[in-house]
Amino acid sequence: MQAIDIKLMRDFRRLWVQGLAIAVVLACGVAILLTAFGMHTALTDTRAAYYERNRFAEVFADARRAPDRLLPEIREIPGVYSAEARVQGMAVLDLPGRVAVAMGQMLSWPADDDPLLNVPILRTGLYPARAGEVMVTTSFAEANGFRIGDTFHANLNGQRRELTITGTALSPEFIYTIGPGALMPDNEGFGIIWMPEAELEAAFDMAGAFNHLALRLTADAVEADVLDALDALLDPYGGLGAYGRAQQVSDAFVSAEIDQLRGMAVVVPPIFFAISAFLVGMVMSRIVALDRAEIGLLKALGYTDLEISLHYLLLAALIAVIGVGLGWGLGTLLARAMAWQYARFFEFPYLLFRVPSWVYAMSGLAALATTMLGALRAALMAARLAPAVAMQPPAPPVFRKTILDRVMAAARLKQTTIMVLRSLIRWPVRSALTMLGLGAATAAVISASFMFDALARIIDLAFNQSYRQDAMVLFADDVPDTALSDLMRLPGVMQAEAQQFHAATLRNGPREKRVSIEARPEGATLSRVIGADGTPIDPPPGGILLSDRLAAQLEVGVGDTLEVEFMTGRRETHEMVVAGLVEQYFGLGAYVEIGYLDRLFRRAPTMSVGNILIDEPDLPALHAALQDTPRLSGLILMRENRAAFEDTISENVTVVNTVYAVIAILITVGVAYNGARIQLSERARELASLRILGFTRAEVSRVLVGETMLLALLAQPVGWLMGAWIARALASSFTSDLYAIPLVLEPKSFAWASLVVLAASLGSVMIVRRRIDRMDLVEVMKTRE
Amino acid sequence: MADRPDTVFRTEGLTKVYDTGGAKVHALAGVDLELYAGELSVLLGPSGSGKSTLLNILGGLDHATGGRVWFRDLELTRLGDRALTRYRRNHVGFIFQFYNLVPSLSARENVQLVTDVAPNPMDAAEALERVGLKHRLDHFPAEMSGGEQQRVAIARAIAKRPEVLLCDEPTGALDSKTGVQVLEVLREINDEFGTSTVVITHNAGIRAMAHRVVRFADGRIASVEVNDTRVAPHEISW
Ligand SMILES: Nc1ncnc2c1ncn2[C@@H]1O[C@H](COP(=O)(O)OP(=O)(O)O)[C@@H](O)[C@H]1O
Ligand SMILES: [Mg+2]
Chain A
1 MQAIDIKLMR DFRRLWVQGL AIAVVLACGV AILLTAFGMH TALTDTRAAY
51 YERNRFAEVF ADARRAPDRL LPEIREIPGV YSAEARVQGM AVLDLPGRVA
101 VAMGQMLSWP ADDDPLLNVP ILRTGLYPAR AGEVMVTTSF AEANGFRIGD
151 TFHANLNGQR RELTITGTAL SPEFIYTIGP GALMPDNEGF GIIWMPEAEL
201 EAAFDMAGAF NHLALRLTAD AVEADVLDAL DALLDPYGGL GAYGRAQQVS
251 DAFVSAEIDQ LRGMAVVVPP IFFAISAFLV GMVMSRIVAL DRAEIGLLKA
301 LGYTDLEISL HYLLLAALIA VIGVGLGWGL GTLLARAMAW QYARFFEFPY
351 LLFRVPSWVY AMSGLAALAT TMLGALRAAL MAARLAPAVA MQPPAPPVFR
401 KTILDRVMAA ARLKQTTIMV LRSLIRWPVR SALTMLGLGA ATAAVISASF
451 MFDALARIID LAFNQSYRQD AMVLFADDVP DTALSDLMRL PGVMQAEAQQ
501 FHAATLRNGP REKRVSIEAR PEGATLSRVI GADGTPIDPP PGGILLSDRL
551 AAQLEVGVGD TLEVEFMTGR RETHEMVVAG LVEQYFGLGA YVEIGYLDRL
601 FRRAPTMSVG NILIDEPDLP ALHAALQDTP RLSGLILMRE NRAAFEDTIS
651 ENVTVVNTVY AVIAILITVG VAYNGARIQL SERARELASL RILGFTRAEV
701 SRVLVGETML LALLAQPVGW LMGAWIARAL ASSFTSDLYA IPLVLEPKSF
751 AWASLVVLAA SLGSVMIVRR RIDRMDLVEV MKTRE
Chain B
1 MADRPDTVFR TEGLTKVYDT GGAKVHALAG VDLELYAGEL SVLLGPSGSG
51 KSTLLNILGG LDHATGGRVW FRDLELTRLG DRALTRYRRN HVGFIFQFYN
101 LVPSLSAREN VQLVTDVAPN PMDAAEALER VGLKHRLDHF PAEMSGGEQQ
151 RVAIARAIAK RPEVLLCDEP TGALDSKTGV QVLEVLREIN DEFGTSTVVI
201 THNAGIRAMA HRVVRFADGR IASVEVNDTR VAPHEISW
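Residue numbers (my numbering), protein chains in the order written: chain A, 1 to 785; chain B, 1 to 238.
Among the hints, a few may not be true.
[Unchecked claim] Anything over 10 Å on all C-beta distances counts as not near chain B; from chain A, calculated:
| hint | residue |
| --- | --- |
| 1 | Arg14 |
| 2 | Leu297 |
| 3 | Ser485 |
| 4 | Arg489 |
[To be verified] The calculated label-pair distances, taken between Cβ atoms and stated as ranges, are:
| hint | chain 1 | residue 1 | chain 2 | residue 2 | range |
| --- | --- | --- | --- | --- | --- |
| 5 | B | Thr20 | A | Arg377 | 21 to 27 Å |
| 6 | B | Asp19 | A | Arg377 | 22 to 28 Å |
| 7 | A | Ala274 | B | Glu12 | 23 to 29 Å |
| 8 | B | Asp138 | A | Arg377 | 32 to 38 Å |
FYI, nobody ran anything at the bench for these hints, they're computed from the structure. Quick reminder that beta carbons are idealized off the backbone N, C-alpha and C, glycines included.
Please model the complete structure; the sequences and the hints are all you need to start from.
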């Protein structure tokens, strides 16, 4: 090894704490990059393989009741490669040992052959073959502790049936399973159930007909054309609109997750890389300044500028190498842990997990490159030093009398305070950069809290203000609103209100949008429309109330007329006047008064959903009664839903906030510790002189601690501004067709962020302070700088 | 010593002006000088008279403002930074007042710093043996006395077998006894290898051991004397 390399290693050993502080920040970036790309690759690969091997359909369509003879015609549509029809429906389940009502999505299982499309993977047991046999999703069986041969009951269109589990399976259609109206998967309360075709057809009165269609397309097919052709064919049979994978619930969730991983990989690591580059630059500049004489010497000995620059770049590279090593280790572990998390959350039969080697290479190169970039300025500084000048001691920095000095003199500040203030002004760029670094740490915490503050506001509006019912009772069909009094008679029901949901297409000239129209009685109290400002709004009689986002997409305003094509009931088309707009964060809401709709349809008051308020102690009795109620297709327990959701959210809040707090602490320690070390090395003599003059350790430390903490304090408003700015950017980037994120800035989140950063700054500077306490006065004064 | 010795350094109207914002400092105000191969020359003169400036320019550490400088046939004043670096690497050994050892490297490693890049170096241990530090190979600068550190610096300078050895106040930071030891080493090397040596000093006593004594004042050469009889360093009174 060359002597200059030995010097490198020894210098590095001397700086290892500083180096490590930077390496850890760098490692975070590398690890996140690895995890995000690794998971992204794993999910993409796994999904692709699963979809391909199990022939996941590309186009889906639901209809009320289409005859089987339509199938050959559908297969003739240009672009259709294969088509498969089935019968499906919701059923209320009565599971042994479970008090609450559960729901099942019943799917027909072909009689003579295995399914062509969306082929399930049998995990245990056998396919259902005879009447009364069913196959269920593995997650549903596991959550409820079912084994092959266990039985449960289902209310199939009013008939109570005993069903025996013959098999459990996974399906590419249900990688992510979520029940109607639910916000989170609930494997115990919702499951997918396959039962023999003949039996299900009989139960749902669907002999010789189907109500769900799955298609695979040829390579050259144009999806939009197929969707149009399909809609046209299914229209007479109550077609509810064909859709592609993008609208398939399970795939939409998986895709959203994949996109999010990509977003994370693109947005987050650069922040870490930038901060470590910044830290490397800061530390390396200082090292070069301290090494002036040695650089001069090396030049005098005949080392070239290039060799000397490389020497310092290599020092930075060592930091990068350690950071990359740590990051690879951490990232590999993290990616594995995440893969488990995903395997639990999504139901894949296997996970093709691998972090591709190019991701390792790319993350390593990116980290190395940014570190080099950070060190470049310092390396060039070293190259530019003239050898003769380098070997003379540096001239003392020029302090000039400024207005501030006069102010300070007038204010009779302590000499040590003046030292602090002067040095801030003497090195304005460094002070500003340190402030910026610490501000970034504060901003990181704020931006993490912001998402949850915003979410909390949306949830509060949605649950506590909008949906105040304890449960929604779903009927299989529209029922006369006399059903309300039936509901009231059920045990524990204290209040009941009617509601209807109608799939419909709203049209304004060429603009059209498919939505679900909600109809409620005027003055409904359980389920209400709530504006962004938190006030409830009733749809004006004789008109339709639109969310502002929907109105904007349709380009209509109050007073304009819309053509509304209903896909429910008799599939009538009506003109409706836009009677009002409501500002909302969530969804493309369209609301009408229920009586207005019934008059429009020329029918007696009808309902499809009953919203009820329940007296808690009677809940078991209510569940028992509902399991035997005919025409019921489901029950959504809002309270459980809400609790599950809030649990998940608050669990996430804790995890994410902790992660970001740790990140902020790392950044802060990186910036504050390095800043204080640099200061100390610059000021060792000055501080030692103070000690010799008789200042106490505490007084001397105050200069060091004071400067860092003053910068940390000044950094807070900067961080708040940056945080608010990032929050605004996040809010607008997350705003989509479906929702807007309110810009909620909670003072307590700002306070928390500042607390974290100030505490971490104090901690870092206190570590450096220990060095002052141990400072050998004689040595410091003797060493030449 | 030959009658017509070869010139190693020659300067013609050499000037160096430092522009420090305010007043211009004429560190060298026209220096014409010839130094000869194999000689040990001493530069004397008050502080600030331009000695170090001259030495730095001769050693290729600094650029002149005006005039010309030759090292043998090589005109240094025509060279760019890259060529000057090569010149230093191949031909020049420096010794400084404050030793300028790298504190994180041991004695041997400090010498290796040079042997790693020089074209025809001696072994680092051999160079240290020459200066009487065979037993100190693995000591760090902080573990050595000033005199020992300066001897490491000398070992480092001679390890490349330089043609010229430029010493800027090599004994300036040493007491008289260790100063004498250092001078003895320098003289031995001059005697043994015939290395042309230039030594800057404040100490007029040292001149007695030189072949040639150049006196500086105000950026100019005041006088040049040739010693016919040189005294040994230990006879020098400090
Ligand atoms: N880098 C520099 N910038 C400005 N002035 C300098 C610089 N180096 C030397 N000088 C000035 O040049 C003059 C000669 O300096 P120097 O050669 O170091 O003198 P000596 O070595 O004889 O003591 C002095 O007045 C000194 O202040
Ligand atoms: Mg000098």
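Taking the hints in turn, this is what the structure says about them:
A beta-carbon of chain B is positioned within 10 Å of the beta-carbon of arginine 14/A; the least distance is around 7 Å. A cut-off of 10 Å between C-beta atoms contradicts the statement that leucine 297/A is not in contact with chain B; the least separation is 5 Å. With a least beta-carbon separation of about 91 Å from chain B, serine 485/A lies farther than 10 Å from that chain, consistent with its non-interface assignment. Annotated as non-interface, arginine 489/A keeps its C-beta farther than 10 Å from every C-beta of chain B; the closest such distance is 90 Å.
Restraint check, threonine 20/B to arginine 377/A: a C-beta distance of roughly 25 Å satisfies the suggested window 21 to 27 Å. For the pair aspartate 19/B and arginine 377/A, the supplied restraint of 22 to 28 Å holds, since their beta-carbon distance comes to about 26 Å. Range check, alanine 274/A to glutamate 12/B: Cβ separation about 54 Å, and the 23 to 29 Å hint is violated. At roughly 36 Å, the beta-carbon separation of aspartate 138/B and arginine 377/A lies within the given 32 to 38 Å, and the hint holds.
Taken one by one, the earlier hints fail for this structure at numbers 1, 2, 7, listed in ascending order.
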